[in-house]
Every structure is written in structure tokens, then in C-alpha cells.
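A.B. asks: Sequence:
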Amino acid sequence: ALRIQRRGSKHQRPRGQAQFPAQWTRRWQPRRARLWPRRCSGTGGTQQAGRFAGKAYRGEGIVYGTPEEVWDCVKPAVGGLRVKWDENVTGFEIIQSITDTLCVSRTSTPSAAMKLISPRDFVDLVLVKRYEDGTISSNATHVEHPLCPPKPGFVRGFNHPCGCFCEPLPGEPTKTNLVTFFHTDLSGYLPQNVVDSFFPRSMTRFYANLQKAVKQFHE
Numbered sequence: 018a019l020r021i022q023r024r025g026s027k028h029q030r031p032r033g034q035a036q037f038p039a040q041w042t043r044r045w046q047p048r049r050a051r052l053w054p055r056r057c058s059g060t061g062g063t064q065q066a067g068r069f070a071g072k073a074y075r076g077e078g079i080v081y082g083t084p085e086e087v088w089d090c091v092k093p094a095v096g097g098l099r100v101k102w103d104e105n106v107t108g109f110e111i112i113q114s115i116t117d118t119l120c121v122s123r124t125s126t127p128s129a130a131m132k133l134i135s136p137r138d139f140v141d142l143v144l145v146k147r148y149e150d151g152t153i154s155s156n157a158t159h160v161e162h163p164l165c166p167p168k169p170g171f172v173r174g175f176n177h178p179c180g181c182f183c184e185p186l187p188g189e190p191t192k193t194n195l196v197t198f199f200h201t202d203l204s205g206y207l208p209q210n211v212v213d214s215f216f217p218r219s220m221t222r223f224y225a226n227l228q229k230a231v232k233q234f235h236e
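Numbering (my numbering), first residue to last: 18 to 236.
Rather than coming from a laboratory, the hints here were simulated on the basis of the structure. Please note that the accuracy of each hint is not assured.
[What the hints assert, rightly or not] Straight-line C-alpha distance at most 27 Å; calculated DSSO-like pairs for lysine-lysine:
id, residue 1, residue 2
1, K192, K232
2, K168, K132
3, K132, K72
4, K192, K101
5, K168, K72
6, K229, K146
7, K132, K232
8, K101, K146
9, K146, K92
10, K92, K229
11, K168, K232
12, K168, K192
13, K92, K232
14, K101, K132
15, K101, K229
16, K146, K168
17, K101, K232
18, K132, K192
19, K72, K146
20, K92, K168
21, K232, K72
22, K229, K168
[Stated by the list, open to error] Have a look at the derived ranges for each label pair, beta carbon to beta carbon:
id, residue 1, residue 2, range
23, S204, E236, 20 to 30 Å
24, D150, H235, 31 to 41 Å
25, L164, Q233, 27 to 37 Å
26, L133, K168, 29 to 39 Å
27, P190, H162, 33 to 43 Å
Note that beta-carbon positions come from the ideal geometry of N, C-alpha and C, so glycine has one too.
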């Protein structure tokens, strides 16, 4: 059930979703989850000079819980469960609501990697989509917004197109296939080896902590 899909294959996701890098290399396979990083280059639409040569990460794992239960724990919502269990999220706020499924948000994160990575915040355009097969997705990318300038105490990071997909498993209604994509520029002056080690470990803990949260809030 765990697999890698290349863009342009017959297994494409529904039209209208973000297109992610086509070639992924498996780097780490923790229990019940897989991560595939890919080095990318591009301006990303930010105002930073030069090119961002970071890595995009794809994770996939089975979570014990229905898609609605898993979505309840990961959805971008003010006062939601995410800030209660995700060690990499300290705050979430809506800067502007555009529609019921589209908004501009600000997410803050704590220091990490023995404080080598200082607190960050991210301003994103977030789109929530539901599909006929029961899949629920959150899709985001960085934007600048006049109501949310950089704030003291935070380094403004940039999310390139990223998201997560809560997919139902045929014949197993109490399990969810969770696919996540991260392509983040942390900004600031960070050793590349610190960044490269942070994301895989962070994503592995994300899946483990999410499973605990689903059990805690939905049993």
C-alpha cells in the first residue's frame, strides 16, 4: 500500500491540485511511514535574492483512524487540535478569510534542533478541498499580506507548494492513508546539514504524534 507515484503517470491525483516534483528518491523508511526527499531549485515567488536550493519532502503512512478523524487533527483551523499535539506548531491564526475553503493564514513554529533553528512564522494561502472518493486535502503556498508583516522574535519562512491528503483505504474504513508534502525555505543563516537532518526527523515524529492524537481525541 506504500508506494511512490511520479507526476505524469496514470495514477495522477484529481485535477486542480498542486503539482509536485516528479522524481523522488527514498531516503528513510521509519515504521509505517516513508519519506522521499528531492533537491529542487527555483525562486518560489518570494522576494529573496537568488535561488532556493532546498529539498522537497514527500511522506506517506497509514494512520489508524477514519479520514474525518485524521483530518480533524491536522486541519488548519483557529482553535483546532493541531496546536495541541504537533510539537512544530505553536500558533495558528487566520489573517483573511476569502471563502469557506480559502484563506490566508499565519502559522508559528518553535525553536528546534537544540535552538539552532530559531522560531519561525509562515504566511500562506490555504485551500481545503474535498473529493468524491472521500479524500480531504489541505493545499498551501507562501503569500505576502499587508495585514501580516514580519513580527519581532520570528524569522519569516517561506512555504513553496505543499499540503497533505487524507485518503480513505478501500475496505478499511477505520484507517487513513496520509500523504504529506513539504517544501520549506526556513530562511536565515542555517548550516545545510542542520536543515537536511531536521525535516526527515520532524516528519517522522509528525506521523507518530498524529497517531497518538487521533487515539487521544477520537477514542
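A.B. asks: Each of the hints needs a verdict: does it hold here or not?
C.D. replies: So, going through the hints one by one against the coordinates:
1. K192 to K232: Judged against 27 Å, a Cα distance of about 12 Å means the pair holds.
2. K168 to K132: holds, 19 Å
3. K132 to K72: Holds: K132 and K72 sit about 21 Å apart, inside 27 Å.
4. K192 to K101: holds, 22 Å
5. K168 to K72: The hint holds at about 26 Å.
6. K229 to K146: holds, 25 Å
7. K132 to K232: violated, 30 Å
8. K101 to K146: With a Cα-Cα distance of about 23 Å, the restraint between K101 and K146 holds, given a limit of 27 Å.
9. K146 to K92: Given pair K146, K92 holds - Cα atoms ~11 Å apart, limit 27 Å.
10. K92 to K229: holds, 16 Å
11. K168 to K232: violated, 35 Å
12. K168 to K192: This hinted pair is violated, its Cα atoms lying about 40 Å apart.
13. K92 to K232: holds, 16 Å
14. K101 to K132: holds, 21 Å
15. K101 to K229: Holds, at roughly 11 Å.
16. K146 to K168: violated, 30 Å
17. K101 to K232: holds, 13 Å
18. K132 to K192: violated, 36 Å
19. K72 to K146: holds, 25 Å
20. K92 to K168: holds, 24 Å
21. K232 to K72: Answer violated: K232 to K72 is near 31 Å, above 27 Å.
22. K229 to K168: With Cα atoms ~32 Å apart, K229 and K168 exceed 27 Å; violated.
23. S204 to E236: 20 to 30 Å: violated, 39 Å
24. D150 to H235: 31 to 41 Å: violated, 21 Å
25. L164 to Q233: 27 to 37 Å: holds, 34 Å
26. L133 to K168: 29 to 39 Å: Hint violated: Cβ distance 21 Å, outside 29 to 39 Å.
27. P190 to H162: 33 to 43 Å: Since the Cβ atoms of P190 and H162 sit about 39 Å apart, the hinted range of 33 to 43 Å holds.
Figure legend: structure checked against the earlier numbered hints; hints not met, in rising order: 7, 11, 12, 16, 18, 21, 22, 23, 24 and 26.
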